[in-house]
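Protein chains: 2
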Amino acid sequence: MQPLSPTRRSTIRRNAQRARSARSELYAALDAGLACHLGVVLDGAPVVLPTAYGRVDDTLYLHGSTGARILRAAVEAPVCVTVTHVDGVVIARSVFHHSMNYRSAVVHGHARLVTDDAERRVGLRAVTEHVAPGSWEHARQPTRKELAATAVLALDLAEASLKVRTGPPVDDDEDVAAGGRWAGVVPVRTEFGQPEPCPLLPSDTATPPHVTTRSPHESTRIDA
Amino acid sequence: MQPLSPTRRSTIRRNAQRARSARSELYAALDAGLACHLGVVLDGAPVVLPTAYGRVDDTLYLHGSTGARILRAAVEAPVCVTVTHVDGVVIARSVFHHSMNYRSAVVHGHARLVTDDAERRVGLRAVTEHVAPGSWEHARQPTRKELAATAVLALDLAEASLKVRTGPPVDDDEDVAAGGRWAGVVPVRTEFGQPEPCPLLPSDTATPPHVTTRSPHESTRIDA
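Here the protein sequences come in this chain order: U and L. Per the working numbering, the first sequence starts with residue 21, numbered consecutively. Per the working numbering, the second sequence starts with residue 21, numbered consecutively.
Note that these hints are calculated values from the structure, not bench results. Computed from a prediction, not measured in an experiment: that's the story for all the values here. Idealized CB from N, CA, C, for every residue including glycine. Some clues are possibly wrong.
What follows is a set of in silico ranges between Cβ atoms, one per label pair, in the way DEER data are often shown [stated by the list, open to error]:
# : chain 1 : residue 1 : chain 2 : residue 2 : range
1 : U       : S25       : L       : R92       : 23 to 33 Å
2 : U       : E157      : L       : V76       : 43 to 53 Å
3 : U       : L133      : L       : A168      : 27 to 37 Å
4 : L       : D192      : U       : R89       : 40 to 50 Å
5 : L       : A138      : U       : V190      : 46 to 56 Å
6 : L       : E96       : U       : D192      : 29 to 39 Å
Sample of chain U residues at the chain L side, in silico, Cβ under 10 Å [said to hold, decoys possible]:
#  : residue
7  : E45
8  : A48
9  : A52
10 : L54
11 : V61
12 : P162
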């Protein structure tokens with residue numbers, strides 16, 4: 021597994037000590053997310069929209085309606101896909117040193133429109149399983165018509181960075197010495213709640229294990 | 021309060037029934053977020069990074085180091101700021117109808133560099149209070165040097181949209197009739213944990229009310 025090798029635009033300059041170079045940590049941050057933010061350039065202006073994604077090795081798959089403007093704008097064009105976890109609010113003794121604990125994976129590249137049928141299924145499966153593990157096997161498979169209405173995009177993870185902040189606030193020595201002000205971290209967690217069955221399900225329908233046993237995403241937090 | 025009046029690029033085309041037009045709902049979605057995703061165009065390519073923000077009426081404030089490339093790229097240039105809440109994973113009877121429940125606020129515009137000292141303080145206060153309510157009064161105020169190192173940007177909420185999906189999956193009638201497959205929603209919540217005091221605090225330091233009483237952000241969820 022190659023470490024992350026920054027290119028010019030994937031080099032983290034601000035707070036460079038927060039940059040991580042282990043590809044495994046990039047994978048972990050991507051795999052722990054639910055939605056990414058996809059950025060494209062449309063008529064010279066940036067457009068940033070949330071969307072689902074999935075990962076297979078070093079490829080990130082996105083999908084959407086073939087009619088979606090943002091997906092059409094992403095094909096063979098420069099895109100940026102960002103997955104962010106806010107892990108805590110960092111409360112410092114000074115306003116200036118307030119911060120957040122976070123993990124932020126940023127991927128630059130050209131999105132490739134997947135045309136091969138087998139890879140399209142791989143990509144759709146990855147997106148489905150990422151958002152709803154176990155659903156690909158449990159749910160009805162896509163029909164030819166549904167597949168035709170769905171665009172699948174692939175983005176290589178070659179040009180990616182991961183920035184992570186953890187730990188307590190970093191205050192100026194004078195502020196620590198002065199005392200009298202609270203400082204610390206308020207953790208932020210993303211958690212899954214009790215599944216809410218569809219009202220159209222027969223009332224005696226059991227919730228299957230792949231839905232009930234889903235572990236909270238926060239369990240995949242990266243430690244410092 | 022003016023309703024949201026879509027321009028060409030803030031008109032929601034895909035699943036247009038999910039578009040909301042009440043400005044109060046836009047405010048609620050923005051106010052309930054922790055980080056936004058700021059998109060800019062840098063060397064012809066999109067760059068999307070998470071950052072803190074705050075709102076005062078119809079102005080969104082961003083801040084950062086005066087040395088940050090993305091902030092410099094945002095000044096007087098087209099930007100897109102997106103705040104997304106993932107509220108649930110929508111598990112359908114078919115792979116095709118899988119979805120997410122979400123609220124997504126998208127703001128287009130040109131970011132203005134705030135140069136007036138009074139407005140700079142208003143902006144910084146808004147960002148601080150958004151992330152850590154009560155901190156502006158409790159923490160040490162910024163020094164002249166700290167202020168000089170901080171850029172404050174303002175973005176008008178004139179060109180903004182809000183897209184919201186709520187409720188159970190929408191499956192094809194045949195799949196509902198066929199039965200045998202679970203469908204429903206797994207709620208996703210963002211929650212605050214127990215405050216973790218800075219290790220440098222004296223051990224008898226009480227955690228102040230503005231930190232302990234923070235209510236979970238999910239309490240501001242928008243109902244259908």
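Verification of the supplied hints:
1. U:S25 - L:R92: 23 to 33 Å: holds (25 Å)
2. U:E157 - L:V76: 43 to 53 Å: Since E157 of chain U and V76 of chain L have Cβ atoms about 49 Å apart, the given range 43 to 53 Å holds.
3. U:L133 - L:A168: 27 to 37 Å: violated (47 Å)
4. L:D192 - U:R89: 40 to 50 Å: 26 Å Cβ-Cβ, so the 40 to 50 Å window is violated.
5. L:A138 - U:V190: 46 to 56 Å: The hinted range 46 to 56 Å is violated for A138 of chain L and V190 of chain U, with Cβ atoms some 29 Å apart.
6. L:E96 - U:D192: 29 to 39 Å: For D192 of chain U against E96 of chain L, whose Cβ atoms are near 33 Å apart, the range 29 to 39 Å holds.
7. E45: violated (17 Å)
8. A48: violated (17 Å)
9. A52: The hint is violated - A52 of chain U has no Cβ within 10 Å of chain L, the shortest such distance being about 13 Å.
10. L54: The hint holds - L54 of chain U has a Cβ within 10 Å of chain L, the shortest such distance being about 5 Å.
11. V61: At about 5 Å, which falls below the 10 Å cut-off, the nearest Cβ of chain L leaves the hint on V61 of chain U intact, so it holds.
12. P162: For P162 of chain U, the interface hint holds, since the closest Cβ of chain L sits about 5 Å away, which is under 10 Å.
Checked against the numbered hints above, the structure violates hints 3, 4, 5, 7, 8, 9; every other hint is satisfied.
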